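**Student:** Here is how the chains run, residue by residue.
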Amino acid sequence: MKHRDLAIIGAGPAGMAAAAQAAALGLSVSVLDEQPRAGGQIYRDVDRVAPRRGAILGQDYTHGITLTAGMHHDTIEHLAKATVWAIEDEFRISYTQDGCAAQLDVDRLLLATGALERPMPLLGWTLPGVMTAGAGQILLKQSGVVARGAVLVGSGPLLYLIAAQMVRTGTPPIAMVETQATANMARAIRHIGGALRGWRYMAKGLKMLGDIKRAQVPRYTGATEITIEGETKAEAVCFSHKGQPRRIPCDVVYLHHGVVPNTQAARSLGVSHRWHAGQSCFVPTLSVWGQSDVAGIFIAGDGAGIGGAKAAEHTGRLAALKVAQELGRLPASERDRMAAPLRASLSRELAVRPFLDAAYPPCAEALHPADPTTICRCEEVTAGDIRGYAKLGCVGPNQTKALGRAGMGPCQGRYCGLTVTALLAEANGQTPDDTGYYRIRPPLKPVTLGELAAMAPTQQDAVE
Amino acid sequence: MNPASPFLELEDTPRVDVVFQGTPLSLPAGMNLAAALLSAGVEAFRHTPVSGSPRAPFCMMGACFDCLVEINGVVRQACMLEVAEGLSISHPHEAEDDDETS
Numbered sequence: 001m002k003h004r005d006l007a008i009i010g011a012g013p014a015g016m017a018a019a020a021q022a023a024a025l026g027l028s029v030s031v032l033d034e035q036p037r038a039g040g041q042i043y044r045d046v047d048r049v050a051p052r053r054g055a056i057l058g059q060d061y062t063h064g065i066t067l068t069a070g071m072h073h074d075t076i077e078h079l080a081k082a083t084v085w086a087i088e089d090e091f092r093i094s095y096t097q098d099g100c101a102a103q104l105d106v107d108r109l110l111l112a113t114g115a116l117e118r119p120m121p122l123l124g125w126t127l128p129g130v131m132t133a134g135a136g137q138i139l140l141k142q143s144g145v146v147a148r149g150a151v152l153v154g155s156g157p158l159l160y161l162i163a164a165q166m167v168r169t170g171t172p173p174i175a176m177v178e179t180q181a182t183a184n185m186a187r188a189i190r191h192i193g194g195a196l197r198g199w200r201y202m203a204k205g206l207k208m209l210g211d212i213k214r215a216q217v218p219r220y221t222g223a224t225e226i227t228i229e230g231e232t233k234a235e236a237v238c239f240s241h242k243g244q245p246r247r248i249p250c251d252v253v254y255l256h257h258g259v260v261p262n263t264q265a266a267r268s269l270g271v272s273h274r275w276h277a278g279q280s281c282f283v284p285t286l287s288v289w290g291q292s293d294v295a296g297i298f299i300a301g302d303g304a305g306i307g308g309a310k311a312a313e314h315t316g317r318l319a320a321l322k323v324a325q326e327l328g329r330l331p332a333s334e335r336d337r338m339a340a341p342l343r344a345s346l347s348r349e350l351a352v353r354p355f356l357d358a359a360y361p362p363c364a365e366a367l368h369p370a371d372p373t374t375i376c377r378c379e380e381v382t383a384g385d386i387r388g389y390a391k392l393g394c395v396g397p398n399q400t401k402a403l404g405r406a407g408m409g410p411c412q413g414r415y416c417g418l419t420v421t422a423l424l425a426e427a428n429g430q431t432p433d434d435t436g437y438y439r440i441r442p443p444l445k446p447v448t449l450g451e452l453a454a455m456a457p458t459q460q461d462a463v464e
Numbered sequence: 001m002n003p004a005s006p007f008l009e010l011e012d013t014p015r016v017d018v019v020f021q022g023t024p025l026s027l028p029a030g031m032n033l034a035a036a037l038l039s040a041g042v043e044a045f046r047h048t049p050v051s052g053s054p055r056a057p058f059c060m061m062g063a064c065f066d067c068l069v070e071i072n073g074v075v076r077q078a079c080m081l082e083v084a085e086g087l088s089i090s091h092p093h094e095a096e097d098d099d100e101t102s
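Taken in order, these protein sequences are the chains called A and B.
For the first sequence, position 79 matches number 79 in the working numbering, and the numbering has no gaps at all.
For the second sequence, position 84 matches number 84 in the working numbering, and the numbering has no gaps at all.
For the record, the hints were derived by calculation from the structure and aren't laboratory data.
Keep in mind the model is a prediction, meaning the values are calculated, not measured.
Think of the CB as a built atom: it goes at the ideal place given N, C-alpha and C, for glycine as much as any other residue.
Hints are supplied without guarantee of correctness; some may be wrong.
[As the list claims (entries may be wrong)] The calculated label-pair distances, taken between Cβ atoms and stated as ranges, are:
#1 A:Ala24 <-> B:Val50: 13 to 23 angstroms
#2 B:Thr23 <-> A:Lys391: 46 to 56 angstroms
#3 B:Gly30 <-> A:Ala453: 23 to 33 angstroms
#4 A:Ser345 <-> B:Thr23: 25 to 35 angstroms
#5 A:Trp199 <-> B:Val74: 34 to 44 angstroms
#6 A:Trp199 <-> B:Thr23: 46 to 56 angstroms
#7 B:Val74 <-> A:Arg52: 45 to 55 angstroms
#8 B:Val50 <-> A:Ala453: 52 to 62 angstroms
#9 A:Pro249 <-> B:Thr23: 47 to 57 angstroms
[Said to hold, decoys possible] EDC-like, lysine to aspartate or glutamate: derived pairs with alpha carbons at most 20 angstroms apart:
#10 A:Lys81 <-> A:Asp60
#11 A:Lys81 <-> B:Glu70
#12 A:Lys233 <-> A:Glu380
#13 A:Lys401 <-> A:Asp385
#14 A:Lys2 <-> A:Asp98
#15 A:Lys233 <-> B:Glu82
#16 A:Lys81 <-> B:Glu82
#17 A:Lys401 <-> A:Glu426
#18 A:Lys2 <-> A:Asp60
[As the list claims (entries may be wrong)] To give an idea of the chain A side of the interface with chain B (calculated C-beta under 10 angstroms), a few residues:
#19 Asp45
#20 Ile56
#21 Asp60
#22 Leu127
#23 Gly136
#24 Ser143
#25 Ala150
#26 Asn262
#27 Pro410
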């Protein structure tokens, strides 16, 4: 079986930067990623797309070509279109590529699996035409597809970014229905020191808001009672604004109220997670090098806690330095010398976060949805169902699986896990940490019998 | 590209023929399959096993499984595939000649 010093799961900014750093220090590296080309979600398909749509997507996107360039190294193997479905035995990685299952043995593993959109369960969010804002961005980045007559719903910088990009395509959204209120900005002001350190981000935000205003996109801030109407597809967004009911007919709705770490792989390995109140999500417990409490497992990028793409590069490189030192390729003193400027840059990148987290908190109605709202999209379990299970004595998410199959569909809880934890915690008067999260087991993604049958025999099989 | 679809393609790309639910479609070669079907005006990619509700792409990054379609008897995520000549695509598990009963 093939053996490598380091496997990295995810070819986004953290994974690509870590791979380049590790390879430069002489490590053999395999980068496994589900997409056909490197970039992750933030730099999706950047090598192909930057020359075509770089002007629409902006320099923060085209920066990704500096990272994809670093992947071209003799000791970096990029396994594209590779879906990892199990990680076992310190560490054997099982994955599927081109219809065949395969395995890889590695000494160290870096999870750079990035973020997922925070689930935003509102009435009607399962209708065709309702997508995440991240999905809207992926359509634009990878495929050059933009939605006409779209309404953007939620809060946060990404909502302004996609709106500004849509304006540049000549197809602005028809409205922005924003859930943050003036009081949030007032509370955020106490983090103004960090905001000033991160002034570049603040300046970009103001420029995006200017672009949106010039395109005369109506903004409804402090919106509440948001629902999406439609029979077989999205037909309108309904909400209350300044005490008035509003209804905006539309074909497409892009939802966003922040992103959260994608913890599936880390949880399947037993890495400890704790609740991060400022970011309203679980984050893995990590050392300053991104080292988890499971020996040999490192986590970098947004999967380690939301910090954004530039911070992801730094955490990726820091993890690579630590791995190189552990494997005897880098003296500790040299490791620390190389880490110092990375830590300084990381601190600057993260300075703006507390301000943004306070100014654009998650939508309260979506964190604690009304009873009729579907929260598990796969198995169609409602918020009322979960509250009912709590009345029956259900204290943890794993019990909801037995009671009503929540989290047992193909997405394996990716888009209901945090909601189920929040609903149970509220109903039982517990903290999210007490309530916990779904136990995640392999396969992390579906694998077919045909793919397993096509797997090359392992040495062990040959002995038997 | 279907003028009735809200999803607009910004660039012209050479097209190839595929079939979705028995209907011939002309899609941009190599484009993300989910993006191409949306732009072609496809609204429901699948129907849920629980209530039969229509679903379409939600996350576009392989996490939500709402864009599942069936191709050559295998159920796959449309957002993780690229358009290729001759694909025969249908709603998953809804084939008319379902041979479980035969």
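**Student:** Of all the hints numbered above, which does this structure not satisfy? Sort the numbers upward.
**Tutor:** 1, 4, 5, 7, 8, 9, 10, 15, 18, 21
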